[in-house]
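Protein chains in written order, with the working numbering: chain A, 404 to 758; chain B, 28 to 220; chain C, 202 to 1107.
Simulated from the structure, these hints should not be mistaken for lab results. This one's a predicted model, so the numbers in the text were calculated from it and none came from an experiment. Hints may be right or wrong, so weigh each one.
[As the list claims (entries may be wrong)] On the chain C side, residues computed to face chain B include the following (Cβ under 8 Å):
no.	residue
1	Cys289
2	His293
3	Ser295
4	Leu297
5	Glu299
6	Pro625
7	Tyr629
8	Ala632
9	Gly635
10	Gln641
11	Lys643
12	Gln645
13	Ala647
14	Lys651
15	Arg653
16	Arg657
[As the list claims (entries may be wrong)] Pair ranges (Cβ atoms, derived):
no.	chain 1	residue 1	chain 2	residue 2	range
17	B	Arg138	C	Ala246	25 to 31 Å
18	B	Ala119	C	Asp220	27 to 33 Å
19	C	Glu655	B	Ala92	15 to 21 Å
20	B	Pro86	C	Asp544	16 to 22 Å
21	C	Asp457	B	Pro121	53 to 59 Å
22	B	Gln105	A	Lys746	52 to 58 Å
23	A	Leu436	C	Asp220	43 to 49 Å
Ideal Cβ positions, reconstructed from N, Cα and C, are used throughout, including at glycine.
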Amino acid sequence: MALIRQTSPHTRGAETTSRVMQLVMLAALPGLLVTTAMFGWGTFINLIWISLIAVGSEALVARLRKRPVAFYLRDYSALVTAVLLALALPPLAPWWLTLIGTAFAIIVAKHLYGGLGQNPFNPAMVGYVLLLISFPADMVNWLPAAGTPGYETLSFGQSLQAIFPFLGGNLDYDAITMATALDVVRENSSLTWSELQATNAALGGTFAGKGWEWVNIAYLAGGLFLLYRKVFTWHAPVGMLGALIVMSLVFKNGSGSDTHGTVLFHLLSGATMLGAFFIVTDPVSGATSNRGRLIFGAGVGILVYVIRAWGGYPDAVAFAVLLMNMAAPTIDYYTQPRTYGHKKPRKGLAKPEDR
Amino acid sequence: MEIVLYAVGALLLLALVCGAILGFASERFKVEGDPIVDQINALLPQTQCGQCGHPGCRPYAESIANGEAINRCPPGGQATINALADLLDVEAVPLDDEHGEEKPPMVAYIREDECIGCTKCIQACPVDAILGAAKQMHTVIVSECTGCDLCVEPCPVDCIDMVPLEVTTRNWKWDKPLAPDMIIATDRGGQTA
Amino acid sequence: MSRQIHAFPGGVHPPENKDQSSHNPIALPPLPAELTLPLNQHSGAPAKPVVSVGDKVLKGQLLAKANGFVSAPVHAPTSGTITAIEVCPVPHPSGLEEPCIILQSDGEDRWAELEPVTDYTAAAKDLLLQKIHDAGVVGLGGAGFPAAVKMASRTEDKIHTVVVNGAECEPYITADDRLMRERADKIVGGILILRHLLNPKEIIIGIEDNKPEAVDAMRAACKGKNIEVAVVPTRYPSGDAQRLIYLLTGKEVPNDARSVDIGILCYNVGTLAAVHDAIVEGKPLISRITTLTGEALKQPQNVEALIGTPADHLLEFSGLKKRKLHSLVLGGPMMGHTLERTDMPVLKTTNCLIAATWEEFPPAPTPQECIRCGLCSEACPVSLLPQQLYWHSKAENHDQLNHHNLFDCIECGACAYVCPSAIPLVQYYRASKGEIRQLQAKQQKAEYSKKRFEDRQARLEAEKAAREAKRKANAERAAQLKKEKAAAAANPAAAKPEDSAKADEVKAALARATARKATEGKAGRPQLSAKQKELKIQLSMVKAQLKKSERALADAKGSEETNAQLQTNIDKLKAQVATLEKEFEQAAQAPVAAAPEQPAKKAKPVLNEQQKKLKIESAMARAAVKKAQRALDEAGKSAANIDELKQTLQQAQTKADELEAAMKAAADAPAPEPAADKPVKKPKPALSDAQKKLKIEAAMARAAVKKAQRALDEAGDTPELKQALQQAQEKAAEVEAAMQAAAEAPEPAPAEEKPARKAKPVLSDAQKKLKIEAAMARAAVKKAQRALDEAGDDPELKQALQQAQAKAAELEAAMQAAAEAPAPEPEPTPAPAAEKPARKAKPVLSDEQKKLKIEAAMARAAVKKAQRALDDAGEDAANIDELKQTLQQAQAAADAAAEALDKASA
């Protein structure tokens, strides 16, 4: 009687790649909800639209590559990319903008490099940066948070019309959008921190920008959930947040008119928490060992602050992540853990004496 | 006018300094050790089979050093080609079919009843792996045999076979699993688990 | 006292599944009918069988002894009969076969006599170690490393800590658990023996906290013995020896060393129980506790299984639900391997058999891409980066694999267990390890081959140089000699003093020669010397030819055909030389007898003429036969000119016919001739010469026939050639018959006067001939047998063989007769008066022997025929056994004949 032959181990843990991806999406839900609450339906509509594009692109590429479409879609990685992109893009980003960004992220940044697991760069961030460089004007169209004086939250219909202009309606973008708190702080050269906080509409009496602080806290909550579920280790987020804290402490530049903002402002403003828990933790394009992840996260944190404080863009998570993605293999070379029985960890490239 | 002279002077000085540095460096960091032929020879399988068209491994190593293609060694197979490509920093190309195809490790076997003791195979063996004397039965020392099959041709009674090296529980090894994309693309078609 | 536990990195918590089997006591399954005992159940060299098929053995008897230092013996687990020693499938992941001893149980289960050590504290440590080794105790935890070798690997007092492994971290397995619960005293007994042997400072038993009963049992057994029982948290793979050592001592074993190097030894609890049994009870390791579990069993439990018990026997015992059985895992679910069949034997290292259903161990899902999530590196107990290893393994980047410490991987399977993409990581690592090992072996072999090649080149160079030097030296010497000669010729006066010595020598030699001549002349044998001279010339010519041929043979390492031909030539020539020498001797002797009689002088020249004629004829025939032979050899390659060959052969045959006639004439002629002429002594030498000649002729004819036969074998089946061959054989027979006639012919003539002295050489010749023929017959029989091995059956063949057998039997009978015949010979001798009968008896005997000879020749022919038939026979090997038997009988008969001959000649 012939029995089946298979390799050990014969039992498996419950974790699957699809499950990991689903957890990530689940953890992004609070962030999405808060964003929707603060900035209207735009992000929500975008999420659905982008998801459709992402799944469509994935299926298209799988077909072109003659691979089973269902098998590729079932790992949910395209959907995760879609969620991250949707959360990162401005709520009223027009449909063609997101189409370009998402398709580019999936087709070029992911599948041209070999598909899931092979991409050196975070696809969502590649899509985001492409749009940021190509269409800078559309990418800063952030809405004021709910409750900002003089502005009204857009209804679902208005949001839909804003994203899909051919559905009618004519929104005056300039009338409904405004600069984000990060932008304000970067551009500011006349007011002190407390004056900014008191007077500026974006900051509006908050410590990290109206609405943004809640969005970030929601992401933080989602991130902690993932950490608890052991979807990733603490190293990369702690590295990034730690570096950001240190940088903002060191280079705060007082509370005068040339300040770069407080520590809390940097932690809870812009895409900090989204980056720390959903983007820096992307295992595919990040460093692989724990020590490497710590370094990788710290690099992102430093770069984020550098670009925010002295660079040409208000937020910097996407750029910082992409730059560190490039450095990841090098980090990997130098951060091998010390293997049991070895005195020192191995470093650098393979050497002939390793044999 | 003066400025031109300054420029020329500066460039000259720069050239001198750079030259001195380069000269020093070439002396200081001179690569010693194996000449390239030895390194290439060390990567070849040393079967001395001549399938590459050279009378032995070293001649082929010499001619690789002189620019011959690296894909003419069937006993070494792709592994040797890859190693050579790595050493010489050239592209690893597939094995040249003209010179034979890659086979599993072989060993010569003399059907001893048929051996007439002519010693021709002994003379043909490049590594002295055949034992015997005139009019006496010959036999192959398996551990010494490189599987070059140079002894097969000279045998007047065709009593030498090349047999694949037997797989035992001692030298057996696990096969590599099919890569995921291979399984998906080839085995399962569109139907996935 | 609570020991500090040092947690190792990584590890996983797979579902334990130990409850199914841990609650039932260790059961004893019924005796299996047949046991399969692989010779290699341990790490190291396979054991060497010391029993043979058919041997009756007792339980515990040694079946195979350790072969080398790292090896272990195998004992009989029960009493019974060895039915086979052959390769059988063994439980190995490859599914390959290995040599095994098959033991048929006789159901009595009778023990061999055991030799327990009553007081091991008084025994020499070497003896104890030897005893443990001889009991075949190996590590029962899994690796199967010979236990005594491990103990003896470091000198006394170098081991400060002994770690006893009772962790049993693999899910499902409860063998050690039950062992600790039920036989804690045995384990402790083993520990105490170990303490006596190694004298360590510390002995720690490590047990996972999911086995509280075992902990209690061990604690109770260890009470007051200064053995610590430490409880470690349940986490796979804490049962790995190095993990457990780290857990209990916080020490790491360096990657290039073993645990003994840091003074720590680790033993499985089962191993120690076996050590106890080996010393205190004298029992070798013939059984072990094995867990039988899995959802396809009605009653999961632990059993004490005899080594070699087929798995299905045990599964049956535990109520196997055959329908539900989907996979059978040997070992645990994390590191065990599947068995493709259920009849595999239990080994010394088999701690668990899991009969799993489909739901229990479902087939691995299709692996997804690695997303480098890092769960594997979190789980890795040796802090590797499995994701990177996977990457490099896929890319076959061996340098990077080494750089990432692939060979530190313990293949525990934790990474593959947690992998969300279900990648069979461990298999990748195993495959890459195997690949790297293979490449390293290849590299080593290449190095070695290079050295051998270079050595050979150097040797060839040296040989060439030596040859060249010799050639040069020869040339120089020749030149020197020439110069000297020239100088001597040109200036004889000057040369004289130099060559005076040489000249003296030459003179002396000449003087000697003349003196000899003179003495010969004085002795009155100038006429005889003429005949002698003739013979001498012949002899020297033949010798020269022989030398030439031999030299040619030495030089010609070329084609086999020339080789064989040359060899036959040489043999022939040697025979010729021998005969000629004998002839010469006889000729030298004959004159002594003839000297007083004058007529002899006259008669001889006449005879010589006859002989010469015969000689010339025979030489021509020989040449023709040789030619035919060579042609036949060539025909072996190209069978196109077979017709020509046939013609040549026929011509050779006609020549042989003529020769035969001439011989007959020669044989007949001398008889009447000397009768007419009065001298009686004359015919003797002539006759003997003729006989010898005939004999030589016959030998040559036979050789020719053989040659032709060989050529035929090569040329394939050509009926014409075969016919020719048969004719040639017939000719040979006829020649022999002629010989017989020739041998008989002289009988009447010399009967009266022939001196016994003369007759004897003839006799001895005949005997020799018989002997040679017998030997040849034996060789032919052997050859035929070999051919039989390859060839199939053929009714004709069988007949031929039977004929051969009959012939051989006849031959044997004849030989016996010949052997008996000499017996009456001495009878006449007591009567001293009857001088003649004694002399006469010998020629008569020689006749008998000649008859024997003929019979032997016929037998030989028959055997040859059989051989040919065998060569022609096809592939079907149905009745080969019968044929073989017949052949063996024939051979035996031939042997008997040879013996008889020996007796006859004695």
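Item checked: Assessment of proposed distance window 16 to 22 Å (beta carbons of Pro86(B), Asp544(C)) -> Given range 16 to 22 Å: violated, Cβ gap about 55 Å.
Item checked: Leu436(A) versus Asp220(C) beta-carbon gap, inside 43 to 49 Å or not -> For Asp220(C) against Leu436(A), whose Cβ atoms are near 45 Å apart, the range 43 to 49 Å holds.
Notebook entry, point to check: Does the interface hint hold: is Arg657(C) within less than 8 Å of chain B, judged Cβ to Cβ?
Noted result: 5 Å, holds
Next item on the list: So, Gln641(C) near chain B? Judge it on the closest CB pair being under 8 Å.
Entry: For Gln641(C), the interface hint is violated, since the closest Cβ of chain B sits about 12 Å away, which is over 8 Å.
Next item on the list: Tell me if Arg653(C) is really an interface residue toward chain B, meaning its C-beta lies closer than 8 Å to one of theirs.
Entry: OK, holds: Arg653(C) within 8 Å of chain B, min 4 Å.
Checklist line | Per-residue hint verdict: Tyr629(C), partner chain B, C-beta under 8 Å | finding: 6 Å, holds
Next item on the list: Classify the hint on Gly635(C) as holds or violated, based on whether any CB of chain B lies nearer than 8 Å to its CB.
Entry: 3 Å, holds
Check: Can the hint on Leu297(C) be confirmed by a CB-to-CB distance to chain B that is less than 8 Å?
Finding: 5 Å, holds
Next item on the list: Indicate whether the distance between the beta carbons of Ala119(B) and Asp220(C) respects the range 27 to 33 Å.
Entry: Cβ of Ala119(B) to Cβ of Asp220(C): about 55 Å, so the range 27 to 33 Å is violated.
Checklist line | Lys651(C) as chain B interface residue, shortest Cβ-Cβ below 8 Å | finding: Since chain B brings a Cβ to about 4 Å from Lys651(C), closer than 8 Å, the hint holds.
Next item on the list: Could you check if Pro625(C) really has its C-beta closer than 8 Å to a C-beta on chain B?
Entry: Holds, about 5 Å.
Check: Between Asp457(C) and Pro121(B), does the C-beta distance stay in 53 to 59 Å?
Finding: Roughly 38 Å apart at Cβ, these two residues miss the hinted range, so it is violated.
Against the hints set out earlier in the document, violations occur for numbers 1, 10, 12, 18, 20, 21, 22.
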